[in-house]
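Peer 1: Below are the chains, spelled out letter by letter.
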Amino acid sequence: MGTALLVSPEVSDTGSDTAARRAASEARDRVRFEEDALALSDQVYRVARHMVGSREEAEDLVQETYARAFRSWRTFQAGTNLRAWLLRILTNLNIDRGRKQQRTPETQPLEEGDYFLYNRLEEAVGDGGGPAAEEQVIERLSQDDIVSALAAVPHDFRDVIVLVDLGDFSYQDAAQILDIPIGTVMSRLHRGRRVLKRELAETAMEAD
Amino acid sequence: MCDCDGCEQMMQPYLDKALTEPQRLEAEAHLDECSYCRKRYRFEETLRVYVRQAAVEEPMPPELKERLAALRTPLI
Numbered sequence: 001m002g003t004a005l006l007v008s009p010e011v012s013d014t015g016s017d018t019a020a021r022r023a024a025s026e027a028r029d030r031v032r033f034e035e036d037a038l039a040l041s042d043q044v045y046r047v048a049r050h051m052v053g054s055r056e057e058a059e060d061l062v063q064e065t066y067a068r069a070f071r072s073w074r075t076f077q078a079g080t081n082l083r084a085w086l087l088r089i090l091t092n093l094n095i096d097r098g099r100k101q102q103r104t105p106e107t108q109p110l111e112e113g114d115y116f117l118y119n120r121l122e123e124a125v126g127d128g129g130g131p132a133a134e135e136q137v138i139e140r141l142s143q144d145d146i147v148s149a150l151a152a153v154p155h156d157f158r159d160v161i162v163l164v165d166l167g168d169f170s171y172q173d174a175a176q177i178l179d180i181p182i183g184t185v186m187s188r189l190h191r192g193r194r195v196l197k198r199e200l201a202e203t204a205m206e207a208d
Numbered sequence: 001m002c003d004c005d006g007c008e009q010m011m012q013p014y015l016d017k018a019l020t021e022p023q024r025l026e027a028e029a030h031l032d033e034c035s036y037c038r039k040r041y042r043f044e045e046t047l048r049v050y051v052r053q054a055a056v057e058e059p060m061p062p063e064l065k066e067r068l069a070a071l072r073t074p075l076i
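As they're listed, the protein sequences go chains E and C. This note's numbering numbers the first residue of the first sequence as 1 and each following residue consecutively. This note's numbering numbers the first residue of the second sequence as 1 and each following residue consecutively.
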């Protein structure tokens, strides 16, 4: 790229043919790349929507991501994970936008275990042991409860939940997208899910 | 066989299929015997589905889709 081809006069026709073929082939690759990227836009938007605070911010971020992706499409290696590549751009842009880095959560105490939410909801339902108790319990949570509880989870944790639990990314892909070690993905996921359940317990109780 | 506390510790990795084989068998042996933990595992499994459904229900605005398509390199 960017290297001028020095073509002697007697072979110049062949040279320009080659250049034209190359340009046509590149245009085809670019069109395919753009189509593939656009086909993923719903999924990219969904991740953005839960990573940032508002719908407007999410829309801006997705638009910026696509603008950058279309400009630098040549750096994408065909055959690798395009969705992860787009989200890596999105994450970097989000950080560039000055999102505050939260360093506290990793050390935040979390006394509640994984059964905490169930126990709280079961108390509220007032049913100790019916066969469908867990269904009754979960029905207490509305879609809004879940969305606002997710939004209340600190973003370092939320990003991992959004990628792995909502976006179906592997730990490995999430680690690459967020540029953190895989062990950090696992610990943030584990703690993040607990924080989410604590938030859900609060949201569900407030709704009473 | 593990106790309920141990079983609680193993719930997330169990559902993520991240336990080693002996750990998985240990958790399952406990779950076979303990309806208290079984309920909580089932709840967690359903909760994950709920969270996923709740989070995906808001579709992308169609105008954004148009704006993204407009960013494509024009064909000359």
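Keep in mind the hints are simulated off the structure, nothing from the lab. The model shown is predicted, which means the values in this text are computed figures rather than measured ones. In this text, a Cβ means the ideal position worked out from N, Cα and C, and glycines have one as well. Incorrect hints may have been included.
Stated by the list, open to error - Derived pair list, reagent style EDC-like, types lysine to aspartate or glutamate, alpha-carbon separation capped at 20 Å: (1) C:Lys39 with C:Glu28; (2) C:Lys65 with E:Glu35; (3) C:Lys39 with E:Glu35; (4) C:Lys39 with E:Glu112; (5) C:Lys39 with C:Glu66; (6) C:Lys65 with E:Asp173; (7) C:Lys65 with E:Glu139; (8) C:Lys65 with E:Asp60; (9) C:Lys39 with E:Glu34; (10) C:Lys17 with E:Asp114; (11) C:Lys17 with C:Asp5; (12) C:Lys17 with C:Glu58; (13) C:Lys39 with C:Glu8; (14) C:Lys17 with E:Asp173; (15) C:Lys39 with C:Glu58; (16) C:Lys65 with C:Glu45; (17) C:Lys65 with E:Glu206.
As the list claims (entries may be wrong) - Restraint-style ranges between C-beta atoms, simulated for each label pair: (18) C:Val49 with E:Glu202: 15 to 25 Å; (19) E:Ala78 with C:Lys65: 38 to 48 Å; (20) E:Ala19 with C:Pro62: 15 to 25 Å; (21) C:Tyr36 with E:Arg55: 37 to 47 Å.
As the list claims (entries may be wrong) - Listed next, the stretches of chain C that the computed footprint assigns to chain E, with coverage defined by at least 3 CB atoms under 8 Å from CB atoms of chain E: (22) 7-13; (23) 20-30; (24) 62-73.
Peer 1: Run every hint past the structure and note whether it holds.
Peer 2: Hint-by-hint comparison with the structure:
The straight-line distance between the Cα atoms of C:Lys39 and C:Glu28 is roughly 13 Å, inside the 20 Å bound, and the hint therefore holds. Simply put, C:Lys65 and E:Glu35 have alpha-carbon atoms about 12 Å apart, close enough for the 20 Å limit, and the pair holds. Restraint check: the Cα-Cα separation between C:Lys39 and E:Glu35 comes to about 45 Å, which exceeds 20 Å; the hinted pair is violated. Proposed proximity of C:Lys39 and E:Glu112 is supported: the alpha carbons are some 18 Å apart, at most 20 Å.
With a C-alpha separation of about 46 Å, the suggested pair C:Lys39 and C:Glu66 falls outside the 20 Å cut-off, and the hint is violated. With a CA separation close to 25 Å, the supplied pair C:Lys65 and E:Asp173 exceeds the 20 Å bound. This hinted pair does not check out: C:Lys65 and E:Glu139 have alpha carbons roughly 34 Å apart, beyond 20 Å. Between C:Lys65 and E:Asp60 the CA atoms are separated by roughly 12 Å; this keeps the pair inside 20 Å, and the hint holds.
With a C-alpha separation of about 47 Å, the suggested pair C:Lys39 and E:Glu34 falls outside the 20 Å cut-off, and the hint is violated. For a cut-off of 20 Å, the pair hint linking C:Lys17 to E:Asp114 stands: about 16 Å separates their Cα positions. At roughly 19 Å between alpha-carbon atoms, C:Lys17 and C:Asp5 fall within 20 Å of each other, so this suggested pair holds. Annotation: proposed proximity of C:Lys17 to C:Glu58 is violated, straight-line Cα distance about 29 Å (limit 20 Å).
Pair hint C:Lys39 plus C:Glu8 holds up; C-alpha atoms about 11 Å apart against a cutoff of 20 Å. As the CA atoms of C:Lys17 and E:Asp173 are separated by approximately 17 Å, the hinted pair is consistent with the 20 Å bound. Taken as a hint, the C:Lys39 and C:Glu58 pair is broken in the structure, with Cα atoms around 30 Å apart against an allowance of 20 Å. A C-alpha spacing of about 33 Å is found between C:Lys65 and C:Glu45, which places the hinted pair above 20 Å, so the restraint is violated.
With a CA separation close to 37 Å, the supplied pair C:Lys65 and E:Glu206 exceeds the 20 Å bound. With their beta carbons about 21 Å apart, C:Val49 and E:Glu202 fall inside the hinted range of 15 to 25 Å. At about 24 Å, the beta-carbon gap between E:Ala78 and C:Lys65 misses the expected band of 38 to 48 Å. Evaluation of the 15 to 25 Å hint for E:Ala19 and C:Pro62 yields a failure: the beta carbon distance comes to about 40 Å.
Against the hinted window of 37 to 47 Å, the Cβ-Cβ separation of C:Tyr36 and E:Arg55 comes to about 41 Å, which satisfies the hint. Three residues within the 8 Å Cβ limit are the bar, and the segment 7-13 of chain C against chain E gives 4, so the coverage statement holds. Coverage of the segment 20-30 of chain C by chain E is violated. Counting CB-CB distances below 8 Å, 0 residues qualify, and the rule asks for three or more. With a threshold of 8 Å between beta carbons, the proposed coverage of the segment 62-73 of chain C by chain E holds, since 8 of its residues qualify and at least three are required.
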